[in-house]
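**Student:** The hints should help you fit chain B with the ligands onto chain A, whose structure is shown.
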Amino acid sequence: MEIIRTENLTHRYGIGTPFEKTALDGVNISVREGEYVGVIGQTGSGKSTLISHLNAILKPTEGKVFVDGADLWSENKARRIETRFKVGLVFQYPEYQLFEETVYKDIAFGPKNMKLDEAEIDRRVRESLRFVGMGEDCLDKSPFDLSGGQKRRIAIAGVMALEPKVLILDEPAAGLDPKGRDEILSRIRDYHKETGSTVLLVSHSMEDIANNADSIIVMEGGRVRMHETVDAVFERADELIAMGLDIPQITKVFIDLREKGYDVRTDIYTIETAKREILSKLTGGASRD
Amino acid sequence: MIKDITLGQYFPGASPIHKLDPRTKVLLTILYIVSLFVIRGGWGYFVSAAMMFVIIALSRIPFGVVLRGIKPILFVLLFTATFNLIYGTGTPIFEDVSWLGWLTWNGLRNAVFMAVRIILLVIGTSFMTYTTSPIMLTGAMESLLAPLKWVKVPVHELSMMMTIALRFIPTLVDETDKIISAQKARGADFETGNIFRRAKALVPILIPLIISAFRRAEELADAMECRCYHGGNDRTRYKVFHFAARDALAALVMTGQLALIIFLNVVT
Ligand SMILES: Nc1ncnc2c1ncn2[C@@H]1O[C@H](COP(=O)(O)OP(=O)(O)O)[C@@H](O)[C@H]1O
Ligand SMILES: [Mg+2]
Chain A
152 MEIIRTENLT
162 HRYGIGTPFE
172 KTALDGVNIS
182 VREGEYVGVI
192 GQTGSGKSTL
202 ISHLNAILKP
212 TEGKVFVDGA
222 DLWSENKARR
232 IETRFKVGLV
242 FQYPEYQLFE
252 ETVYKDIAFG
262 PKNMKLDEAE
272 IDRRVRESLR
282 FVGMGEDCLD
292 KSPFDLSGGQ
302 KRRIAIAGVM
312 ALEPKVLILD
322 EPAAGLDPKG
332 RDEILSRIRD
342 YHKETGSTVL
352 LVSHSMEDIA
362 NNADSIIVME
372 GGRVRMHETV
382 DAVFERADEL
392 IAMGLDIPQI
402 TKVFIDLREK
412 GYDVRTDIYT
422 IETAKREILS
432 KLTGGASRD
Chain B
381 MIKDITLGQY
391 FPGASPIHKL
401 DPRTKVLLTI
411 LYIVSLFVIR
421 GGWGYFVSAA
431 MMFVIIALSR
441 IPFGVVLRGI
451 KPILFVLLFT
461 ATFNLIYGTG
471 TPIFEDVSWL
481 GWLTWNGLRN
491 AVFMAVRIIL
501 LVIGTSFMTY
511 TTSPIMLTGA
521 MESLLAPLKW
531 VKVPVHELSM
541 MMTIALRFIP
551 TLVDETDKII
561 SAQKARGADF
571 ETGNIFRRAK
581 ALVPILIPLI
591 ISAFRRAEEL
601 ADAMECRCYH
611 GGNDRTRYKV
621 FHFAARDALA
631 ALVMTGQLAL
641 IIFLNVVT
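Taken in order, these protein sequences are the chains called A and B.
Letter by letter, the first sequence follows residues 152 to 440 of my numbering.
Letter by letter, the second sequence follows residues 381 to 648 of my numbering.
Isolated chain A, as found in the complex (with noise of 0.2 Å):
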């Protein structure tokens, strides 16, 4: 079933002044109910703009925004409100908008804006903190004492809390070290996985996307270039690196390999892919030429 759809949305920034900007032009996607999508793309592509009319936080120049069948536009302020809580958006750099006193506080603020129990919001405080891997001895520390990946971890959570259909992320990983994203993208891996709900993951970086998602939406300009499955974005890998992307290090191997006369395939973005097209090569006899 179709959760998201938008339909020839645009949007311009700053009309009128000198500063006009068209961030979107003419984007239409589809998103299936319980997908795992990634959204690629240069810096100033318009992802984070796309993404900010999931749940009505920017209004569109013009077009449509569809969540769950209903026109986010066409329907009064408090049932447009409703969605933000259907479609979870997670912004870049999270960790700067806690505020509370406490991490529970925190993560509780968007169920108690629901209007939920009190018993019910302590559970989904938990829960979410255990989707990101946080043990509960850090719910009584003040938000501000943790370190910069933890922080996020809470301000995520912070969303998670509030059950959304859709979860959105923007660069989730960005400026983390390596360790801190593996563990970050790991923990939305779960989370898809457990709570079978649909998941939006923005980056820059295909080696984020490409071992978690299902299909991948590529913007270019503030328009959509591609919306394929994995598999088929990696066939074009080369339209890719002509944008400015930055594919995994195995494919570019791949392509390195069918350069210098290798008889390999090239639309492979995972270690686990890559030895079995090696060894499939191997013992079926490769050679050069």
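Heads up, a few of these hints could be off.
A short, non-exhaustive set of chain A residues, derived as facing chain B with CB atoms under 8 Å [said to hold, decoys possible]:
1) I180
2) R183
3) G185
4) S203
5) N206
6) G220
7) A221
8) W224
9) L240
10) F250
11) F260
12) N264
13) M265
14) G347
15) S348
Within a straight-line C-alpha distance of at most 25 Å, the following computed SDA-like cross-link-like pairs (lysine to any residue) qualify [what the hints assert, rightly or not]:
16) A:K263 with B:L582
17) A:K210 with B:I466
18) B:K564 with A:F282
19) A:K432 with A:V404
Bear in mind the hints are in silico, worked out from the structure with no lab data behind them.
Every residue gets a Cβ at the ideal spot worked out from N, C-alpha and C, and that includes glycine.
**Tutor:** Same frame as chain A, but now just chain B with the ligands:
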């Protein structure tokens, strides 16, 4: 959104107005404001408004931007005009309609003049910031206030503080927008409820904002220290201001405007 505030905003450009020495612009803005308060009659306002139109045209700043600058003061404008209208004295406009007796020619005149004066005042002052970058503006301030150094006023340090403050306005506005969006995404509601509820709703915005302002301040202080910054007398400027022919011309035009207004005051 909060971004719609244009007051204090700079629109880069290469128009004759942009190219004026910032010191000229500061002084002539003051002169323009003075001239607004000298005006006594309709012709004076006409001259002042015409002057403003010429400046707008020369600066190539879209008229829409100028109009949007007036929006925030619309309330003050209506308020002032209404009061002038109600408290007018003299002959009523409709002498035979008794319930409209309070509406006088004199009140109407005052209301219109006062509105025009406020509008010109706001446009005039915002034009200085529209066409001058904040750095240039504080440079001009420092240069104009230099004589105060003799009485031990830390002019350089003050202007440095002002430069930094101005420089960070857009950054903090951006930041505020982001924080508001992030809290909205968690269902925060800033628009309903009584005044206490609304004030309380600001906490999730203000705390992250203040924390980030402190963080930025610390980072900036470190960066300045690393570059061995110190205020004081021996600093030279990277960009040295020079008065040019166009500055003389602008000063001449503006003084001419004031002279014309005074002349109109005398003859009418
Ligand atoms: N608040 C804003 N005001 C004006 N322009 C903006 C704003 N936010 C983004 N833009 C512009 O819109 C374009 C798309 O930005 P964004 O959606 O943030 O891209 P991405 O997330 O892919 O880096 C960029 O050119 C950016 O400069
Ligand atoms: Mg972005």
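**Student:** All hints, please: hold or fail.
**Tutor:** Hint check results:
1. I180: violated (19 Å)
2. R183: violated (23 Å)
3. G185: violated (22 Å)
4. S203: holds (7 Å)
5. N206: Status holds, d = 6 Å.
6. G220: violated (21 Å)
7. A221: Interface hint status for A221 (chain A): violated (18 Å vs cutoff 8 Å).
8. W224: Violated, because the Cβ-Cβ distance from W224 (chain A) to chain B comes to roughly 16 Å (cut-off 8 Å).
9. L240: holds (4 Å)
10. F250: With a minimum Cβ separation of about 4 Å from chain B (threshold 8 Å), the hint on F250 (chain A) holds.
11. F260: holds (6 Å)
12. N264: holds (3 Å)
13. M265: holds (6 Å)
14. G347: With Cβ-Cβ at 22 Å, over 8 Å, it is violated.
15. S348: Nearest chain B Cβ about 16 Å off; hint violated.
16. A:K263 with B:L582: holds (16 Å)
17. A:K210 with B:I466: Given that 25 Å is the threshold and the Cα spacing comes to 42 Å, the pair is violated.
18. B:K564 with A:F282: Cα-Cα ~22 Å, so holds.
19. A:K432 with A:V404: Roughly 15 Å between the alpha carbons, so the hint for K432 (chain A) and V404 (chain A) holds.
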